[in-house]
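> Below, each chain spelled out in residue letters.
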Amino acid sequence: MHEAPETPMAVVNILYDVGARDENPNQTGFAHLFEHLMFGGSINVPEYDKHLQLVGGENNAFTSNDITNYYVTLPSVNIETAFWLESDRMLSLAFSEKSLEVQRNVVCEEFKQRYLNQPYGDVWLRLRPLAYKTHPYRWATIGQELAHIENAKMEDVKSFFKKHYNPQNAILVVAGDVKVEEIKKLAEKWFEPIPAGEAYIRNLPLEPRRLEERREVVQAEVPTDSIYIAFHMPARADKDYYTADLISDLLSQGQSSRLYRRLLKEQELFGEINAYITGSIDAGLLVVEGKPLREVSMETAEAAIWEELEKMRSEYVLDYELEKIKNKTESTMVFSELSVLNRAMNFAYFELLGDANLINEEISKYLSVTAEDIRTLSEDLFRKENSSTLIYLSDTHA
Amino acid sequence: MLNRATPPDFHPIENVPVLSPDRIDLSNGSKMFVFNAGEEELVRIQWVFENAAFQLDKPIVNSALSGMLLEGTSQYTSAQIAETVDFYGAYLFPEFSYDHMSLNLITLTKYVDKLLPVVISVLNDAIFPQQELDTYIRNSKQSLNISLQKNDYVARRNFNNVLFGNSRYGYIYEENDYDLLNREDLISLYRSQIVPANCTLLVAGKISRETLDYISEQVESQWVNPTQKSLTTVPAFQQVAPKVLVIEKEKALQSAIRIGSMSIQRSHPDFPALQVLNATLGGYFGSRLMMNIREDKGYTYGIGSGLGSLKYAGFFTISSEVGTSVCAATLKEIEFEINRLRQEKISLNELTLVKNYLLGSMVGSLENVFSHADKFKQVYFSGLTLDYYDYYSQQVKDVTPERLMDLANKYLDYDQMTKVIVGKL
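So the protein sequences, as listed, match chains A and P.
Going by this note's numbering, the first sequence opens with residue 1, and the numbers climb by one from there.
Going by this note's numbering, the second sequence opens with residue 1, and the numbers climb by one from there.
Pulled out of the complex, with its shape left as it was, chain P reads as follows (with noise of 0.2 angstroms):
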């Protein structure tokens, strides 16, 4: 008779190690790591930069140059770069983050040759056409505007603002900065920003030899922008007092919530062991937020807990949309769950499967090629190599009780922490 009371033996799980690139430097100062797996006949290319530095009187143009990058080079139109990518099958995209502007390029291998040279004319002379700039100017603000009615997304940018001042992560950006945007500032910035010097290309797939060489030789000898690197200035950020804002919207029928504070960066030591306390609070199902305030009292559909590691700053924070009803109950189990983490250990058994969680995670996160790549990109951006992963496993293996409550007392103290409450309260 077959027992289905009692699980099936089960089995460590192996650290899987994140696959090694090679590196290349290019002779025209820029930087490749080349990911060599997988099956199928595709491959990825990013070009990475470091944002320049984040200017309070041209609040939009460091993401108004990600937006505007493809629409037109002195070579192509903005509707031929489009009608290329789009008969090719391929995908070419830029994208946008507080630290760094990529531009990504997925295209399956034998189109290779057919995509490169629009993409080498986007980095050489890009040419942002007034008539496309005023496109992007009215479609920008009708989207800011829908989001502004989405109380996540106001709490965000609220909870942003309170840690982070007004700099490239916690600027509030409104409907009538979008009018300060022009050409010259963009072509300005284009100028310094995308050069081969700032830029760092990972690509991953599966490569020919002959493939890797065509790219590497298209990059090295058609981009050839002076190879000077922008001067970012390292923002500061004062430890700001816990602050508690609520924006009231009359007819909401959920509030949104964030809860947190500044933390520490992936760099720092105590950070892969700080991530167990983090998934033990709030960072997967089975987490005691999730357990507590949806899985017992059915107050929402999700609340999570994360740390972000910014390159100048280091962030936790709580979110959850909660009915209005509700929302004061939320904050106190919120406050229980933090304060529990902080006076009484842990159990060995929950220890036990968190940990479990993590390194299956971790292991389930490195499906393919592209993934590698990821990982790679996330430690060395900030500014750590490889290893950081074997650290972090062996971190998540060793963390004891005694070293989560401490930790908990060390970096989560909820009266220290900004709440940002969009609804009812």
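This is chain A alone, in the form it adopts within the complex (with noise of 0.2 angstroms):
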């Protein structure tokens, strides 16, 4: 619970503790496809989003391969509907077949949309599988083929709901306009009586150390050539994810950063390029992805980059740039603070973590890493044989 009495609503945000990597390998996209079903009517409220549009609120939710969040932000006079709706579907869903209809096609069409009717936008369908082999990381939440979707039973959404939607699996958190007091009295309420349901043991496959380098080369009809680089990098828990957050902000955070200032307007190589991390739970990946002109050749721009990725490995960076970027990491922390929901949203997640209030640690995290750290780490990190590169030849450049 979070008071925060500058505005006069209120954010109920509920994480379910279940994300695309607790899915059968052969049903993928399950988590999210059920992330829609939760709009689909429970076993008491046929209708979730007119009620809620009726006290003057809004909702919406996300999947990720590690969680699934929802939230609704309303006028806080009106919260109790919120504990009323969420609780309600909590507790059960209608498991409506008509529901389960339309949201299949809904999905298989955000598919479309997403990931094959745009140029690149099957990027993640195919580094995934690249670069992870063991992991259930090797699929994206969309779901590795329309198949899956499309195959989805009525049988498999009751199982899912009943093995991860249950409180023992959820974190909610309020924030807003609300007093304490009054909160605790509408979560025991509403979300006491809920069977705490079965525990659910979590055991995936660890991905296993890289030992060799990969690469896929696809011809497609792309306007531009285009390269993908993901590197293994340390879990969310690790110390070094911090470092390996902080290499990602010195190759392209701002116009000051070195793949932009050096590849991008000195070398005039690449249309585009950025480094960034996917900043999941368990070992995710660090990637850097560039356009280049179309008068430079791919073995050139490839090229470019590993050199700037080598200098990481082999040159202390500067105290001068340390300070620039962790700079820029704790500003970003304030701005993001000026969002209600983004603060439920983090504290729901760093409790998930662990405790809702590492979120106050991070900044110190952050601002402890060194130059050493950030070389050791580029050193174990951007080696051949840890990294998979996806490329796109197009059919028209030069």
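It should be emphasised that the hints constitute simulated quantities derived from the structure, not laboratory data.
Because the structure is a prediction, the values reported are computed rather than measured.
Note that the Cβ used here is the ideal one computed from N, Cα and C, for glycine as well.
Warning: the hint list may mix true and false statements.
[What the hints assert, rightly or not] Beta-carbon label-pair distances, calculated as ranges:
{"id": "1", "chain 1": "A", "residue 1": "I201", "chain 2": "P", "residue 2": "V244", "range": "22 to 32 angstroms"}
{"id": "2", "chain 1": "P", "residue 1": "A79", "chain 2": "A", "residue 2": "E307", "range": "34 to 44 angstroms"}
{"id": "3", "chain 1": "A", "residue 1": "L393", "chain 2": "P", "residue 2": "P401", "range": "51 to 61 angstroms"}
{"id": "4", "chain 1": "A", "residue 1": "E337", "chain 2": "P", "residue 2": "D22", "range": "49 to 59 angstroms"}
{"id": "5", "chain 1": "A", "residue 1": "D156", "chain 2": "P", "residue 2": "S365", "range": "31 to 41 angstroms"}
{"id": "6", "chain 1": "A", "residue 1": "I194", "chain 2": "P", "residue 2": "D22", "range": "44 to 54 angstroms"}
{"id": "7", "chain 1": "P", "residue 1": "M291", "chain 2": "A", "residue 2": "L318", "range": "38 to 48 angstroms"}
[To be verified] Computed list of lysine-lysine pairs in DSS-like fashion (alpha-carbon distance at most 30 angstroms, straight line):
{"id": "8", "chain 1": "A", "residue 1": "K265", "chain 2": "P", "residue 2": "K375"}
{"id": "9", "chain 1": "A", "residue 1": "K179", "chain 2": "P", "residue 2": "K150"}
{"id": "10", "chain 1": "P", "residue 1": "K206", "chain 2": "A", "residue 2": "K179"}
Using the hints, put the two chains back together into the complex; each one sits in its own frame.
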């Protein structure tokens, strides 16, 4: 619970500890499809959205490889409506056949809209299975293929609900113009009667340490060549996670960053270049991606990226440069505090990681990273045998 | 025993007034509006400029001015500007829209004095170096080519072109338009547009008297370009005949749809009530288009409608991306839903729901001091005052089923709408 009286609104955020990584390899995309079904009516409330809109509220949800997160914002005077709706769908869904049929179609259209009918839309459908061979991060949240979604059955929906959607697997955060005492009463009234359910013991296969370089080259009808190099990096709870995050910032946070400045502006090799981390709970990826200019060959472009990565391995980053990215990290955190919804989501996420209060230690964890940490981790990350490279060669690229 | 079948009691949604800013007229000719609120030690300063007139022989010089603004001044190189902004953890970015260009600075308050001199240098003497211009042209061409493979993008620009012709709102620019860009045109546009007399500053955040004095003093004394306001000509838009435009994409899995027509601007008295009608049709998740085409038929991931209020025109548009095999069926359902609004009165239940949704969403959109400034901006540049929001809320509360049906007959006519389909019909 988080009192933030500066707004007349309240946020009710429920995080379920289930994501695409918990799916059966033959039924990928299920966690996300399920998120859609959560709006298809619950045991006592046939229409979720209508009741919320009637009291001036809005809601949405997202699914990642790690979690499924639902949030409601509404005028705080009507907060009990959110408790009523959220607790009823945690208690039980209505499991309507019609809803399943329609949402299967909706998700298939989402699949097409975002992943198939866009240039480079299928990047993550290709890059994940290239980078991961064992861990379930090898498929995207939307699913590995359309058929997995088309084949979803009601009995699968029911067992998924039973396994993952219960109080034991949920974290509720309420924030905004609220009083802790009142929220406590509402939580006891609406959520406490729901049976705790069975505990879900997560036991996912670990991705073994990589020993060989991987590469996939696709000839595609895209306007320009594109390259993605993914490196395995430490898990969220590892202290080196922060180092890896800062490494990606050094490479591409802001227009003074290394890749942007050197490869796009000075050497004039790329039209776009970026580096980022996937930010996942289990060991994730640090990705460098770029689109070389038309007249630049892929060999030249790729070599230029590696040259920058080699520098990260062999040379210490300057104190000035390190201070710069730490400043940016610090200010970005202050900026994100502006949104009560962001704060609520962050509390839920850090509670999942172990303790909501951990969020207050984030800044000091970033600030304690040293130039030595960065060089040492770079040396381990930016090895050819730790890389998975996906290349799109354009039909029209000169 | 807890009764879960009956909804809890609910309370009417109270209006929240939009924060009224302090206005300060600076001696250099610019106007400054100050929104002082919030707990975080940060500030956002926006320098907003009206765009100069669109010129058909220099169709992208206006947007290029924005894209090139931070690429160097006589005092700082492009690299130095980027370095300073990043070092202090700030964000400095130009934004271009049809009618305005703005330069935005977001920073921790403690670094305002490190960043303002850089911004003022950008406002005083940006030099648009040739090498940076070459980079801009190259990269812009590349991203245009990528966008052109997105059906939704192609549909939008063709729709705008049918409605607005070769104007600032409708011109379809191509790769070779970038070859017309040159330093001389950019500098001449910069000299006439980026001047204090053409600038409105919006300052928002937790701002002490001292910080505010510092900002206004710096802007006033250091930014002294000739205070001649650029002349803009008012473009005239003809009522165009409705048109059906189908752009075939052989391998498309989905078709992008844009349907709509010219409409009214925010300053028109009907606008708030028309927004209620728009919400009913396609303006929120529970809208009729969403309920019918997504939630009942599963044809699409999303469909929506909106009213666009520009400086010189207003328009209404419906947009979606749907499976190619159901594209024709989707058009039928859109027509059906529009006609239903014209022929049947909305039920009081549905109307109450739409009203409450809109009132709640208004309150929810005022989350922090920046959103208050944004709300102000919206009315200010429509030539209205903050009273508009009281009028808006009252109109939303008062609108009746009869009025909505009248508005549907007045403003929504499927046969008179332009339809653009990119993909397969």
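> Can you name, in rising order, the numbers of the hints this structure does not satisfy?
1, 2, 4, 7, 8, 9
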